[in-house]
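Number of protein chains: 2
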Amino acid sequence: MTRAGEFLSDAAREALKTMRRGHGGPFGAVIARGGRVVAVASNTVLKNNDPTCHAEINAIRAAARRLGSPFLTGLDIYSTTEPCPMCFSAIHWARLRNVYYATTIGDVKKLGFNELTISNPKMKKWGRSPVRLHRVANADCRGLLKAWTALPAKKLY
Amino acid sequence: MTRAGEFLSDAAREALKTMRRGHGGPFGAVIARGGRVVAVASNTVLKNNDPTCHAEINAIRAAARRLGSPFLTGLDIYSTTEPCPMCFSAIHWARLRNVYYATTIGDVKKLGFNELTISNPKMKKWGRSPVRLHRVANADCRGLLKAWTALPAKKLY
Numbered sequence: 001m002t003r004a005g006e007f008l009s010d011a012a013r014e015a016l017k018t019m020r021r022g023h024g025g026p027f028g029a030v031i032a033r034g035g036r037v038v039a040v041a042s043n044t045v046l047k048n049n050d051p052t053c054h055a056e057i058n059a060i061r062a063a064a065r066r067l068g069s070p071f072l073t074g075l076d077i078y079s080t081t082e083p084c085p086m087c088f089s090a091i092h093w094a095r096l097r098n099v100y101y102a103t104t105i106g107d108v109k110k111l112g113f114n115e116l117t118i119s120n121p122k123m124k125k126w127g128r129s130p131v132r133l134h135r136v137a138n139a140d141c142r143g144l145l146k147a148w149t150a151l152p153a154k155k156l157y
Numbered sequence: 158m159t160r161a162g163e164f165l166s167d168a169a170r171e172a173l174k175t176m177r178r179g180h181g182g183p184f185g186a187v188i189a190r191g192g193r194v195v196a197v198a199s200n201t202v203l204k205n206n207d208p209t210c211h212a213e214i215n216a217i218r219a220a221a222r223r224l225g226s227p228f229l230t231g232l233d234i235y236s237t238t239e240p241c242p243m244c245f246s247a248i249h250w251a252r253l254r255n256v257y258y259a260t261t262i263g264d265v266k267k268l269g270f271n272e273l274t275i276s277n278p279k280m281k282k283w284g285r286s287p288v289r290l291h292r293v294a295n296a297d298c299r300g301l302l303k304a305w306t307a308l309p310a311k312k313l314y
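Protein chains in written order, with the working numbering: chain A, 1 to 157; chain B, 158 to 314.
So that you can see chain A by itself, here it is in the shape it has in the complex (with noise of 0.2 Å):
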């Protein structure tokens, strides 16, 4: 398995413990230097009572906390999901260099999130951003939406 599909892995093994706890959505992220992880997080939108929560947004500050700083140049981050407008956004703020990610916001639109349909290449592309994108295929994080599906009980945000 690549480095990147490693990474999107751990990030989903985090997600589906947390949302089988009902702390959120079935997303994940990692943020990594390298090889070298500095962050791991998930959704926690419900735990927190926080509409900010996303995985994405708890791993940079996570990441940023860590560093003492709040830019992150030249680390890069995977995303069990494409990063939300919201996520995009904050990864330009923090100069994150490379996101990965396997499913899309098209993905998860359909299991009822109240997603903003704008996706990464086009903020990247409107906002001329220079973060670059890269899609990977990846089970763990198709497996994790289909996860989310069986749940019986679960929340919609």
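The reader is advised that the hints may include incorrect statements.
[Unchecked claim] One side only, chain A facing chain B, incomplete, derived with CB under 10 Å: (1) Leu46; (2) Met86; (3) Cys87; (4) Trp93; (5) Asn114; (6) Leu116; (7) Trp148; (8) Leu151.
[What the hints assert, rightly or not] Reference excerpt, derived from the structure (chain A facing chain B, CB under 7 Å, subset only): (9) Gly22; (10) Asn49; (11) Asp50; (12) Thr52; (13) Arg61; (14) Ala64; (15) Gly68; (16) Ser69; (17) Ser89; (18) Ala90; (19) Ile118; (20) Trp126; (21) Gly127; (22) Ser129.
No wet-lab data here; the hints were simulated from the structure. Every residue, glycine too, gets a C-beta built ideally from N, C-alpha and C.
Given chain A, put chain B in place with the hints provided.
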């Protein structure tokens, strides 16, 4: 002065205070339910070493904590500058109803901030968001950007 004007001036006053202490950029926000203020916040990216600590995100987090819910349905936000795409998207996720703002993303891009140049009307249209936008002229919000320009030492982000 209209209610929107008063809340925008409140937000500008808060931002002027914290900007002069080096907490972050010249940006403030108020969240209100009708005429009652629920949260007042300003940009603290530098104080908190957190690229997500824009005024609107800080105000949304504070309001959600206060209400014990990730949904701020029916509440309104007053932002000294047009929310960046991160903040616009957070406003959408929070189900805020109306956004009132004075200066624009274009105005602050000229000051050197690393803006994603996608306006709120475009985010709303392309993302099919029900959030309602209102641009309001406000001298205190314009003065806030002038005060930033006049600051002898400052950090951009």
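Structure-based check of all given hints:
Taking 10 Å as the C-beta contact cut-off toward chain B, the hint placing leucine 46(A) at the interface holds, the least distance being around 7 Å. For methionine 86(A), the interface hint holds, since its Cβ comes within 10 Å of a Cβ in chain B; the closest pair sits about 3 Å apart. Annotation: cysteine 87(A) was flagged as interfacial toward chain B, and the flag holds, the nearest CB pair being 8 Å apart, inside 10 Å. Evaluation of the tryptophan 93(A) hint against chain B yields a held restraint, the C-beta minimum of about 4 Å falling below 10 Å.
Residue-level restraint check for asparagine 114(A) holds (minimum Cβ-Cβ distance to chain B is 7 Å; threshold 10 Å). Here the hint on leucine 116(A) is kept, as its CB sits about 3 Å from the closest CB of chain B, short of 10 Å. At a threshold of 10 Å, the smallest CB-CB gap from tryptophan 148(A) to chain B is about 17 Å, leaving the interface hint violated. Interface restraint check: leucine 151(A) against chain B, minimum CB-CB distance 18 Å, threshold 10 Å, status violated.
With a cut of 7 Å, the hint placing glycine 22(A) at the interface with chain B is violated, because the nearest CB-to-CB distance is about 13 Å. With a cut of 7 Å, the hint placing asparagine 49(A) at the interface with chain B holds, because the nearest CB-to-CB distance is about 5 Å. At its closest, the beta carbon of aspartate 50(A) sits 5 Å from a beta carbon of chain B; the interface hint therefore holds under the 7 Å criterion. For threonine 52(A), the interface hint holds, the least distance from its beta-carbon to any beta-carbon of chain B being 5 Å, beneath 7 Å.
Interface hint at arginine 61(A): satisfied, since its Cβ lies 6 Å from the closest Cβ of chain B, which is below the 7 Å cut-off. Interface hint status for alanine 64(A): upheld, as the beta-carbon distance to the closest one in chain B is roughly 5 Å, under 7 Å. Interface hint at glycine 68(A): satisfied, since its Cβ lies 6 Å from the closest Cβ of chain B, which is below the 7 Å cut-off. The beta carbon of serine 69(A) comes within 6 Å of a beta carbon in chain B, closer than 7 Å, and the hint placing it at the interface holds.
The closest approach between the C-beta of serine 89(A) and any C-beta of chain B is roughly 3 Å, which is under the 7 Å cut-off, so the hint is satisfied. Nearest Cβ of chain B to the Cβ of alanine 90(A): about 5 Å, under the 7 Å cut. The hint holds. Interface restraint check: isoleucine 118(A) against chain B, minimum CB-CB distance 5 Å, threshold 7 Å, status holds. With 7 Å as the threshold, the beta carbon of tryptophan 126(A) comes within range of chain B, its nearest partner Cβ sitting at about 5 Å, so the hint holds.
Taking 7 Å as the C-beta contact cut-off toward chain B, the hint placing glycine 127(A) at the interface holds, the least distance being around 3 Å. Contact between serine 129(A) and chain B, as hinted, is supported at the beta carbon level, the nearest pair being about 6 Å apart and thus within 7 Å.
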